[in-house]
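Peer 1: Next come the chains, spelled out residue by residue.
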Amino acid sequence: MIHKAAEVLSVNRLGEDIFELRLLSPAAKEATPGQFVMLFPDSPAYLLGRPVSICEALPEKEELRFIFRRVGFGTAAFSRLSPGTELFLTGPLGNGFPLKEARGKVFILGGGIGIPPLFGLGKELKKDDSLSLNFILGYRSKAEGLFLSEDFSSLGDCRLTTDDGSEGFPGTVTDCIRSLDIIPDIIFSCGPLPMLRAVKQYAAEHGVKAYLSLEEKMACGVGACLGCVVKTTGTDPHSGVHNARVCAEGPVFDSEMVVL
Amino acid sequence: MKQLNTSVELCGLTLKNPVMNASGTFGSGMEYASLTDLDRPGALVTKGVSSSPWEGNPTPRVVETPSGMLNAIGLQNPGLEVFIRRDLAFLSGVDTRVIVNVCGHSEAEYEEVAERLNEEDRVDFLEINVSCPNVKEGAIAFGTDPGRLKSITKALRAKTGKPMIIKLSPNVTDITELAKAAESEGADALSLINTLTGMKIDIEKRKFALANRTGGLSGPAIRPVALRMVYDVSHAVKIPVIGMGGITNAADALEFLMAGARAVAVGMYLFHDPDAMIHIIEGLTAWMEKEKLSDINEIIGIL
Ligand SMILES: Cc1cc2nc3c(=O)[nH]c(=O)nc-3n(C[C@H](O)[C@H](O)[C@H](O)COP(=O)(O)OP(=O)(O)OC[C@H]3O[C@@H](n4cnc5c(N)ncnc54)[C@H](O)[C@@H]3O)c2cc1C
Ligand SMILES: Cc1cc2nc3c(=O)[nH]c(=O)nc-3n(C[C@H](O)[C@H](O)[C@H](O)COP(=O)(O)O)c2cc1C
Ligand code: FES
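Residue numbers (numbering that gives the first Met the number 0), protein chains in the order written: chain L, 0 to 259; chain Z, 0 to 302.
Honestly, the hints are just simulated from the structure, not real lab data. Don't take each hint at face value.
[Unchecked claim] Straight-line distance between alpha carbons at most 27 angstroms, and here's what the computed DSSO-like set of lysine-lysine pairs gives: (1) 99(L) / 3(L); (2) 161(Z) / 179(Z); (3) 126(L) / 99(L); (4) 99(L) / 28(L); (5) 126(L) / 104(L); (6) 28(L) / 141(L); (7) 216(L) / 199(Z); (8) 199(Z) / 230(L); (9) 208(L) / 122(L); (10) 230(L) / 204(Z); (11) 126(L) / 141(L); (12) 3(L) / 60(L); (13) 289(Z) / 15(Z); (14) 15(Z) / 216(L); (15) 15(Z) / 141(L); (16) 230(L) / 206(Z); (17) 179(Z) / 237(Z); (18) 237(Z) / 15(Z); (19) 230(L) / 216(L); (20) 122(L) / 99(L); (21) 216(L) / 289(Z).
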């Protein structure tokens, strides 16, 4: 884990409010799929880091790739960065996906801006020939941009869904998985809370293990402030109470361990 | 140039420099061990600990505000036993002073924690948090009423042999009244300020930004208020004062020292720069060299 300035390699617009950022940082050498970094806007008024998932890490080139949606001050500032400038980053942070748990038919379910970290995951899991990878990726609409969908199609079976039906399966990711007659051996998922709740329920109904990547408001990103907790079903070993830190024990949790 | 002295004395103990973290913003140091050098600050201050585990508040617990943030953590902590076994054990390997921040729902709970910590040699000071705005019972009630502050200070004085710092709340009309109350019942030092109660509303969701509705404001936004209070308190009592509230760099730290603080703490800014304490320590010595000042104590309380 480092806290250092990283050089901006490129910023590309992929959709209406969707951007791709590439940074040069030694953090790429340590990163595993599902981890995130804190990116710091260069501003005396906006002091907190913005948690952003690592979409892909290229350790040899010390390169990190991120995909983000422009929503507020920080992400707007990141969208305007020019190559050669620097921004501060802390990372890699969090636990990442438990790669060793992958077996048999793996369903990788992504929704909206939760899709990017699943690309790094898919790339890693593709190295194991014994796995069959099924991706179901949910987007708002074709107009907003089907970011990363082409990258994913090179990794395995990839279905798209859109809320407005403008591309692929009309409806949600969980509607789509329920329309299929395959039951996965394991699920990895990242997306908005309502989607993760539905995935958790689907997994419980079918007795399938599901690992979910969660979001929460963060201040420190390193487990110190206890700002980012999620309710847990049992007593969390670190906190000693029914709370786990999304930035430290997470962001990826066994769906049965968390209350959503 | 001769050796610069950056060390200060606090309640009979020497701190190698006057810079520490503010409670709750640095865990127990453990969480930042890979990002900064924990041996460098003059002291490390732990997150508030109570006798039994506390769940804290629902989320969202934190939200950014202009040059600051609001938090309503609600003093989540694993309880004293885990704290001693894990966090304090970790701090045994760190070469600096240790200040343990203590919280409780009742006078009895504060007393229980203080008494148990007497046995722990690694604890150099207790800092009594009577000023957390985010828990319903205890905490702030003791810190806003001079009568109750006297009573709890007196009770704790009888229980602890450790130097005792009382942490004051800014959410009062006259902070010097509380400062004097704590001093009169045996506080060895005072620390201030804790966070200022505030609120933020998410207009898109038409909801409070924090689940707790209100939270404690910290960061550079509160610095001028904190500085004024540190100045007032330093001039109202004889015991030393630890100043905090929005400190980001050596210049900010110097303002607090000149206003009368014997030491300073960095809180929210550590989330922005984990090395902030080291940058401040280095900034202070650079300033001393520039000003040809050989001892940091020469500028403490010059105003
Ligand atoms: C572990 C994790 C991974 C994430 N990965 C990505 C990603 O890969 N791509 C992406 O586009 N977004 C991601 N997000 C969401 C991203 O952090 C927010 O969109 C971003 O912080 C917004 O910052 P802003 O300054 O533009 O917005 P503002 O609304 O101005 O931000 C104000 C404050 O709220 C916080 N905040 C706002 N929205 C969120 C949110 N959804 N989650 C957590 N904090 C928030 C900000 O960090 C900041 O402190 C992730 C969030 C988490 C927790
Ligand atoms: C996330 C967070 C948690 C805190 N927890 C505690 C605590 O447990 N005990 C305490 O006495 N003060 C706590 N504080 C208050 C700080 O120690 C400090 O008094 C305050 O934040 C002002 O300093 P700053 O502006 O540099 O952050 C907390 C502050 C923050 C931001
Ligand atoms: S953001 Fe501070 S503990 Fe997770």
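Peer 1: Taking the hints in turn, state whether each one holds.
Peer 2: Hints, one by one, checked against the model:
{"no.": "1", "hint": "99(L) / 3(L)", "result": "violated, 30 angstroms"}
{"no.": "2", "hint": "161(Z) / 179(Z)", "result": "holds, 20 angstroms"}
{"no.": "3", "hint": "126(L) / 99(L)", "result": "holds, 12 angstroms"}
{"no.": "4", "hint": "99(L) / 28(L)", "result": "holds, 20 angstroms"}
{"no.": "5", "hint": "126(L) / 104(L)", "result": "holds, 14 angstroms"}
{"no.": "6", "hint": "28(L) / 141(L)", "result": "violated, 34 angstroms"}
{"no.": "7", "hint": "216(L) / 199(Z)", "result": "holds, 14 angstroms"}
{"no.": "8", "hint": "199(Z) / 230(L)", "result": "holds, 23 angstroms"}
{"no.": "9", "hint": "208(L) / 122(L)", "result": "holds, 21 angstroms"}
{"no.": "10", "hint": "230(L) / 204(Z)", "result": "holds, 22 angstroms"}
{"no.": "11", "hint": "126(L) / 141(L)", "result": "violated, 30 angstroms"}
{"no.": "12", "hint": "3(L) / 60(L)", "result": "holds, 17 angstroms"}
{"no.": "13", "hint": "289(Z) / 15(Z)", "result": "holds, 20 angstroms"}
{"no.": "14", "hint": "15(Z) / 216(L)", "result": "violated, 36 angstroms"}
{"no.": "15", "hint": "15(Z) / 141(L)", "result": "violated, 61 angstroms"}
{"no.": "16", "hint": "230(L) / 206(Z)", "result": "holds, 21 angstroms"}
{"no.": "17", "hint": "179(Z) / 237(Z)", "result": "holds, 9 angstroms"}
{"no.": "18", "hint": "237(Z) / 15(Z)", "result": "holds, 22 angstroms"}
{"no.": "19", "hint": "230(L) / 216(L)", "result": "holds, 14 angstroms"}
{"no.": "20", "hint": "122(L) / 99(L)", "result": "holds, 14 angstroms"}
{"no.": "21", "hint": "216(L) / 289(Z)", "result": "violated, 42 angstroms"}
Violated hints, listed in ascending order, are 1, 6, 11, 14, 15, 21; each of the other numbered hints is respected by the structure.
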